[in-house]
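A.B. asks: Model the full structure from these sequences, guided by the hints.
There are 2 protein chains.
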Amino acid sequence: MYLDTGSIMFNFLSLYGLRRILVVGLMTASLSGYAQNDLIWNSLDPENTVYMVLREGTVVIQLNPTFAPETVKKLKQLLEDRFYDGTSFYRVIDGFVAQGGDESDIDGSQATETLKAEFEIDWPMKPEDPEEAKNWTPMSWTPVQSGDMFAAYTGFIDGFPAARDDEKAGKVWLTHCPGIIAMARNDDPDSGATDFYIVIGQAPRYLDRNLTVFGRVVWGMDVVQRIKRGPALDNGLIEKDLERSWIRQMRLASSIDPDQRLNILVTDTNSDGFKKMLKERRDRSQKFFYHKPPEVLDICQVPIPARLEKPDVIRR
Amino acid sequence: MYLDTGSIMFNFLSLYGLRRILVVGLMTASLSGYAQNDLIWNSLDPENTVYMVLREGTVVIQLNPTFAPETVKKLKQLLEDRFYDGTSFYRVIDGFVAQGGDESDIDGSQATETLKAEFEIDWPMKPEDPEEAKNWTPMSWTPVQSGDMFAAYTGFIDGFPAARDDEKAGKVWLTHCPGIIAMARNDDPDSGATDFYIVIGQAPRYLDRNLTVFGRVVWGMDVVQRIKRGPALDNGLIEKDLERSWIRQMRLASSIDPDQRLNILVTDTNSDGFKKMLKERRDRSQKFFYHKPPEVLDICQVPIPARLEKPDVIRR
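Here the protein sequences line up with chains A and B, keeping their order.
The first sequence begins at 14 in our numbering and counts up one residue at a time.
The second sequence begins at 14 in our numbering and counts up one residue at a time.
Calculated directly from the structure, the hints in this document are not laboratory data.
Small disclaimer: the values here were computed from a predicted structure and weren't measured.
You may find that some hints are simply not true.
Copies of one chain are not kept apart here, so a pair can be met inside one copy or by any two copies together.
Stated by the list, open to error - Derived DSS-like pairs: lysine-lysine, alpha-carbon spacing no greater than 30 Å straight-line: (1) 184 with 139; (2) 129 with 300; (3) 305 with 129; (4) 87 with 289; (5) 253 with 241; (6) 87 with 300; (7) 253 with 323; (8) 184 with 292; (9) 184 with 300; (10) 139 with 292; (11) 288 with 89; (12) 129 with 184; (13) 241 with 139; (14) 253 with 181; (15) 181 with 323; (16) 181 with 241; (17) 305 with 181; (18) 147 with 323; (19) 305 with 86; (20) 323 with 139; (21) 86 with 300.
C.D. replies: So, in structure tokens, the structure goes:
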């Protein structure tokens, strides 16, 4: 799913060496503990990266064709058609979701053909046929939690938060964590078409396996959080077009001049550094913790570090 | 904790009757299901309500003197002294916390005397002495989940999300859900003083029982979400003062002319309507659910409806 440009490794401890000494307290409990030296940073594949430009700023979305192949294919067609340019976030509930598109799912029309549900996939098992098995590569899985409240197992698959119902086989699906993007639908599971939502609040995990998650925000979640909210008690609907946040442009990165692309680097969730970070977040051995927390991790509360490289750093 | 102004009951189905027919799909999964007729709405006690005015808008915070008596007392003194006016949110990590104040916790100084930890309280048991028992009222508890990943039990106490380690006695504490406000501190549990943080992302429950939660945002969480973020990889610190979101004013509601106060009504979490809502969120019996979700509730994913009444509606 990534263009791994040599698995660039960085040491930016120097960036905040002194600060780190001063900034104790609450932050000890967040990002300061992990072994950043062991993190591996991947570039995004421009064929599966979307830039969504709002007045509020630019949001970078990573698509997931492994879990939602047809939805991603359709989305790319819609992007090529510039379908989303000029559409808006018309239903936005703070702490829940920001839903955008052409409103076809609420005005009774149906802009284009609908999509088959892509809610989950079979865990890919090694083929029994020796010839097929030769070319087979297992699915990556960085375990996070067994006995999660909503699933038997949670973990990361190439940067995406996911869950499984069996450790060996069974189904696997992407979880509704903050920043995931999924197709809206009506009661019919196969009724998704064009309109999508981004999760902007506490993970609505009860939606897992009920909607097609097809990507996640890797950069610009602060921009997403500035999207204009609607009234929560009226389903978040913003009646007046002019009061909504609008999508100026939404494009596949590969359709944009390489000079105009953003060089976002995302932590490899398969890397030792990330696994160390998970361990440190589970152990919480810092002096700060007066009460040692239970040794559990909420898959949706694990940050996946990302950063934007300056163009002059990239193109040396 | 509330001024219960006659437990006003409302029926606002009429507000979105037609909309409700059109808006199916995702929203079936959110707020549309519950029996709004049975909700009871409470006014806020002006003695325990704070208005925080930012350029981004106004945030209304409900204080909790039951769980954090000394911290609330100190905060009221600070508000009277106009301590926070002109201070800023200097450390803001998207998906985690927005921390504000005078930066005394990071610049090495200590503006005022520190506060004793108020991380949890004993569950108030009925006094054995018959005389004392006469005047005793039990603590309210609206159960949400047993076997929550971070605690034996979760539930609501007068509008606040909370957790317990024993159903009968033991300790009880306020949980780190989005919108809660707590005192920042250094490694010493008793080192909190003036600077506070608001949780703005997926609940960092590992902080439960480790910091003094003293209130929650009941109105204006969309405003909080617009607070300027800092760089996540640099602990969220925003070096330049001018780039930060500033606190213009922070006042106790009772110190403000009654005509200038906001009439916020908050759902009573002890009411039958709220309990029905919890049941419906747990059952998820709507046709929308292709996969029936596990019958569990995340205490931090339960919305507590609130609304702002127009002044002319209030003062009839």
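A.B. asks: A separate judgement is required for each hint: does it hold in the structure or not?
C.D. replies: Status of each hint after checking the structure:
no., hint, result
1, 184 with 139, "within (15 Å within a copy, 49 Å between copies)"
2, 129 with 300, "between (51 Å within a copy, 17 Å between copies)"
3, 305 with 129, "between (46 Å within a copy, 19 Å between copies)"
4, 87 with 289, "neither (37 Å within a copy, 40 Å between copies)"
5, 253 with 241, "both (12 Å within a copy, 26 Å between copies)"
6, 87 with 300, "between (51 Å within a copy, 26 Å between copies)"
7, 253 with 323, "between (38 Å within a copy, 20 Å between copies)"
8, 184 with 292, "both (26 Å within a copy, 28 Å between copies)"
9, 184 with 300, "between (40 Å within a copy, 22 Å between copies)"
10, 139 with 292, "within (29 Å within a copy, 42 Å between copies)"
11, 288 with 89, "neither (33 Å within a copy, 44 Å between copies)"
12, 129 with 184, "within (17 Å within a copy, 49 Å between copies)"
13, 241 with 139, "neither (47 Å within a copy, 48 Å between copies)"
14, 253 with 181, "neither (50 Å within a copy, 51 Å between copies)"
15, 181 with 323, "neither (42 Å within a copy, 57 Å between copies)"
16, 181 with 241, "neither (43 Å within a copy, 44 Å between copies)"
17, 305 with 181, "between (32 Å within a copy, 23 Å between copies)"
18, 147 with 323, "neither (41 Å within a copy, 69 Å between copies)"
19, 305 with 86, "between (46 Å within a copy, 28 Å between copies)"
20, 323 with 139, "neither (42 Å within a copy, 63 Å between copies)"
21, 86 with 300, "between (49 Å within a copy, 28 Å between copies)"
When the structure is compared with the earlier hints, violations turn up for hints 4, 11, 13, 14, 15, 16, 18 and 20 and for no others.
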